[in-house]
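Peer 1: Work out the full structure: start from the sequences and follow the hints.
Chains L, C, Z and X, in that order, give the protein sequences. The first sequence runs contiguously to residue 382 in this note's numbering. The second sequence runs contiguously to residue 1382 in this note's numbering. The third sequence runs contiguously to residue 2382 in this note's numbering. The fourth sequence runs contiguously to residue 3382 in this note's numbering.
What the hints contain is simulated information worked out from the structure, not anything from laboratory work. Don't be surprised by glycine CBs; every beta carbon is placed ideally from N, CA and C. Some hints could be false.
Unchecked claim - Restraint-style ranges between C-beta atoms, simulated for each label pair:
id, chain 1, residue 1, chain 2, residue 2, range
1, L, 149, X, 3073, 56 to 66 Å
2, C, 1145, Z, 2015, 24 to 34 Å
3, Z, 2056, C, 1074, 18 to 28 Å
4, Z, 2056, C, 1380, 39 to 49 Å
5, C, 1231, Z, 2311, 46 to 56 Å
Stated by the list, open to error - Heads up, incomplete: computed chain X residues facing chain Z, CB under 10 Å, no partners named:
id, residue
6, 3071
7, 3073
8, 3161
The residues making up each chain are set out below.
Protein chains: 4
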Amino acid sequence: MAKKKLNIGLVGYGFMGRTHSNAYRKVSNFFENDHVPVLKAVCGRNEAGAKAFADKWGYESVETDWRKLIARKDIDVIDICTPNDSHCEIAIAAAEAGKMILCEKPLARESNEGLKMVAAVEKAGVPNMVWYNYRRVPAVTMAKQLIDEGRLGRIFHYRAKFLQDWTISPELPQGGTGLWRLDAAAAGSGVTGDLLAHCIDTAIWLNGSVKNVSAMTETFIKERKHNLTGKVEKVNIDDACAFLARFSNGSLATFESTRYARGHKALYTFEINGEHASIAWDLHDLHRLQWFDHKDEGQLRGWRSIHVTDREHPYMDKWWVPGLQIGYEHTFVHQVADFLTGIDTGKPAAPTFRQALETQRICDAVLESAKTEKWTDVKVDG
Amino acid sequence: MAKKKLNIGLVGYGFMGRTHSNAYRKVSNFFENDHVPVLKAVCGRNEAGAKAFADKWGYESVETDWRKLIARKDIDVIDICTPNDSHCEIAIAAAEAGKMILCEKPLARESNEGLKMVAAVEKAGVPNMVWYNYRRVPAVTMAKQLIDEGRLGRIFHYRAKFLQDWTISPELPQGGTGLWRLDAAAAGSGVTGDLLAHCIDTAIWLNGSVKNVSAMTETFIKERKHNLTGKVEKVNIDDACAFLARFSNGSLATFESTRYARGHKALYTFEINGEHASIAWDLHDLHRLQWFDHKDEGQLRGWRSIHVTDREHPYMDKWWVPGLQIGYEHTFVHQVADFLTGIDTGKPAAPTFRQALETQRICDAVLESAKTEKWTDVKVDG
Amino acid sequence: MAKKKLNIGLVGYGFMGRTHSNAYRKVSNFFENDHVPVLKAVCGRNEAGAKAFADKWGYESVETDWRKLIARKDIDVIDICTPNDSHCEIAIAAAEAGKMILCEKPLARESNEGLKMVAAVEKAGVPNMVWYNYRRVPAVTMAKQLIDEGRLGRIFHYRAKFLQDWTISPELPQGGTGLWRLDAAAAGSGVTGDLLAHCIDTAIWLNGSVKNVSAMTETFIKERKHNLTGKVEKVNIDDACAFLARFSNGSLATFESTRYARGHKALYTFEINGEHASIAWDLHDLHRLQWFDHKDEGQLRGWRSIHVTDREHPYMDKWWVPGLQIGYEHTFVHQVADFLTGIDTGKPAAPTFRQALETQRICDAVLESAKTEKWTDVKVDG
Amino acid sequence: MAKKKLNIGLVGYGFMGRTHSNAYRKVSNFFENDHVPVLKAVCGRNEAGAKAFADKWGYESVETDWRKLIARKDIDVIDICTPNDSHCEIAIAAAEAGKMILCEKPLARESNEGLKMVAAVEKAGVPNMVWYNYRRVPAVTMAKQLIDEGRLGRIFHYRAKFLQDWTISPELPQGGTGLWRLDAAAAGSGVTGDLLAHCIDTAIWLNGSVKNVSAMTETFIKERKHNLTGKVEKVNIDDACAFLARFSNGSLATFESTRYARGHKALYTFEINGEHASIAWDLHDLHRLQWFDHKDEGQLRGWRSIHVTDREHPYMDKWWVPGLQIGYEHTFVHQVADFLTGIDTGKPAAPTFRQALETQRICDAVLESAKTEKWTDVKVDG
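Peer 2: This is how it looks when you write it as structure tokens:
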């Protein structure tokens, strides 16, 4: 069976450009799909940089203007890996050009932008997806399956954290290459859009919709040198954010994220407590799932540390043998594989722009609540 | 040097009566103090039960009316181990009789009661202490020392949880022996006064005062059979409570407690993130302290799991040899030892009633906030 | 029901004298038996030291000659807590005087001594027991139950280690108070009798008899100052010992002990792998049992970390509530409780001297093998 | 700078063929070298299978006879991924043809074969390497650096295990595709060559040469159906093997491997105890290194769990950002990168055939010792 080529046009070649390129290159060595991604073009404003990236990864061509990329007939998919402030414009243009669109998370800086993007892709009827890659950690995918099978029963509690410690030094500047996440104009928000968005995406996937939230945010270092202006400027992002939430299913939740938790590099954890069973997971050891089942015999009940590397575990029949772990990059390979399957079968891979919009609206409610110091309802479509 | 006897009169002989009695019996085998506790009398309404307890533990006599116990000349200390609704009355009477007073936590059902108790002991000038025993887990005491030495620098985050799972079954009744903690009339509140009070006591000891809170509570099982009336009645306690807090030092905090976290028996954990170092602790493995020090050499930084059983660790020179752990009961022995030292030296052991009142006020603010759904300031003295 | 008094005569009041005294004092507060231990007399050559110990622990009298203690009519039990070189003589004399005997482990310096002791207690028909306390860690007791229930099926592997690091400094002297364990004349051997004896006692209890062994020993620091002579002398004990073993049930084993394993204070661990399930345990977290059950549903198999603190766990209904851990000292309380039950019921508590002799013979075979560099059979009777 | 092409000819396309192919494809996306591997040809007896593999991985051509592959002028490197019984013949032929050679581990079935292979590559003067991939786990590479810097001081103990549980069922056949590791004729030995060889390779790299060993082996299931003959036949491999060893540096070691350790999929662990510090590592969580440093301040000493994902950790500047882990497959990428660097610089990457021969000789001594039940010296040249 001859494979169909799917020509990728990548916009932005930073950290995320690398993870996506690696996923496109690997997916067909490990997964069977009708379509095979082809690294057709990479687009970056700096031509030399884009060229070097293309050489390293095997992109066939280079563009310096994303509008030209979108205009190309030989491009099937536009993959948006640029800072958040350009997602909306690029996505709408790509949709209007009839391209499939993959967009890095968060969908946008805030939900108004996101809503426009949703409208555009739905009007164009093009396949679309947002890179909330942690859904495709095999342990996390398995958590979803266990919940969907009803093994937890009624859910009482959800708690998630995403803790980092890389911005504690006041000497760290804001803005510019590699640091746009500290610049509110480019990023939209701080840890809320960057880290809590991951936590929220997983949470609504596992536990359903969120009704309302009470949040607080803090900016510990008030001023930093700005790389683009060279001046010391006010820091406008949230360094830390914590919030209480009530889910529609009646469960209570706490969420927290910070870049000031000394000792944690990227500690994304969640735990969910149900009537019959509980689940916990931790990005620092992503190949393990913690599982407690109250149905186990009384004296032998305990948290099981499941090494999620068996053939019967999600995605793992594609990789190595039991006991041999995969890592961060594989979540992107899985996401590409599922996107291809979505094209092959006509059943879109999640999260679509519309599904990712819900996360955006929760982020909006969180930031609003932190500002007003009030419980805030999450907006739903009218 | 001849030891001075300190005659104990214990009121209530349930779970806490046992832990305290064990502490009084053991303390002088391991600690050197001028005073030696003597198990003089135990008081309980059920004479047979009190007698059996006295026989088992070696109490010299039995009373069935706590007023008679307080009236006895041969009693130096009144130790209150009854449900929360009687703390206030007993404590005030004991203070008026000039007795030293040890009171189980929480100090009272709410801070108005607590304030009266503080006034009574301060007017009487009697030594007084509340049994917030977890301060005396050696690992927790060491955490306090490390913070006081300034090793963490500026504190950014505090997070604490106390998770249990013993009330998930709807068949569990409320009220009566062993179950008064589920009866709001006897307990004052649910997890807030029972479990979060521990978390709060430790937190203010380690991290200073709390300014304000935003809380939510939930009662998952709305009705339960009441053991005292035999009828199915509304449950008035909080089954779960989570809150955000801001400390006076500018740090952010999350607190959570529940009795619906499947898989956790008594998982009291806290973590504190400072500029230079972080600390974490867990009651389920109470003899370990987790320590991360950013001053460690870069490539070798990692969380250290410190087995707190060396002679140089707090209290541990009194016990066994390195590697051999102590447990829950020893925290009470330490608290008695410190109380005796307080009497010997005239420097009161903490927390006194006044210090414990602060915890009560935070609990009040938490419950108020959950009710009003607003950020609520913690009350401070005039 | 009136309790019968059981008068204890303790010989030696060092580290083990304390652990035993604590156990005698506590046992009747927590366990129900017909007999109640009474701290009748403590015996030590240094009268002032013995007197101070008696005051601290509540012993009624003091002796300075163990022969006099044995001669006393009011003593029911002789508890031997002296260095190993006096176990044999004291035990035989006590047996001849018709006393019950509790003896610290190891039973003797080598099995010839042990055999005489067995003969003496069996001839006298007196209750006797050796303090291999780790059998009474609740998690270890539960391991025994699980194995006896056949849950592991055929056993393939046993591995045990006891790692310490307290003798690495060459400055540490040998011999004398607190250091007799480094003096071969007093101790008989080094880690083999001190630490491996524990591992072996547990192993034969859990996994049956050992057929043969191949061992190696090492003395890393060849000379140390001797505290008794004041001179630098050859070190005659084994600093480290490792051996291979074959059990009678066909399983293979590795054992290792050392006092040169930097970072381990008293890391006694064992693991046992059976056809259907595996068990692992670790003294540094003694209240947990690791359990893997192949009968668990495939994708959810994992090692369970069981917090052995529930009422249905061995011994734990006597202590606190789920989640609240006990520690090292409680193993001795359990052993006294079982010894009392043995007297009450006529079914002797294990290990008796005879059962402990088997451990001694394995230790002998290990040391013999290390010397001859050959596989060595474990001696059996007759 | 134009890259030089390095044409790879892969012999065998089973599990190891996949891991190597993946490494060749990825290496130049992440590492900078003068040479770039090109997937020139794959060789397998089954043409259809080889063709399918070539399609999946992008090999340019297919051969069904390895002699033809070796004869091709356009092949620079022969990579041997066949069962152990063909390593020797292929390697010698490839050496005679002047090809560079990469050979899967173990080098051969036993050291006589290995010696011939060493002679052949040394005579031909061709670059050669054996795929002992675990040296390139970043945590393991860091262990090597720490030891080489003298941070552990004098080494007292080394212990390693490689535990699996996949052959416990007696229904599992031996021999044939995917099961040649259970057939002594194809594999040479069982766990000794398959698993202990890994442990030994790491050990001699970290801790120097081994003097002598005392070993035991066991075959728990004596007969299994043979896939090639269809008959039930005697099993000739070792299911389990444990041995004691003495290193030339005076340290003691225990090694163990089995495929009957229920609950362990591929638990390769090692620990090394030195005078000043200790290191432990575990393949099931390969991105962590456990580190204990006695030079840490006394009360704060503890095992550090180092998440080896920082830019300053070995190889990790090539991958993602701190906290995001890599896995099993990356060890092969590292090995290819180092091999390329070896070619670029003329300093051969380790282990060469000669270095891997030492592992083979230790395996031989282990099997000899198990057979003779005697301590056995490891053979050395000359």
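Peer 1: Where does the structure disagree with the numbered hints, that is, which hint numbers, in rising order?
Peer 2: Violated hints: 5, 6 and 7; rest satisfied.
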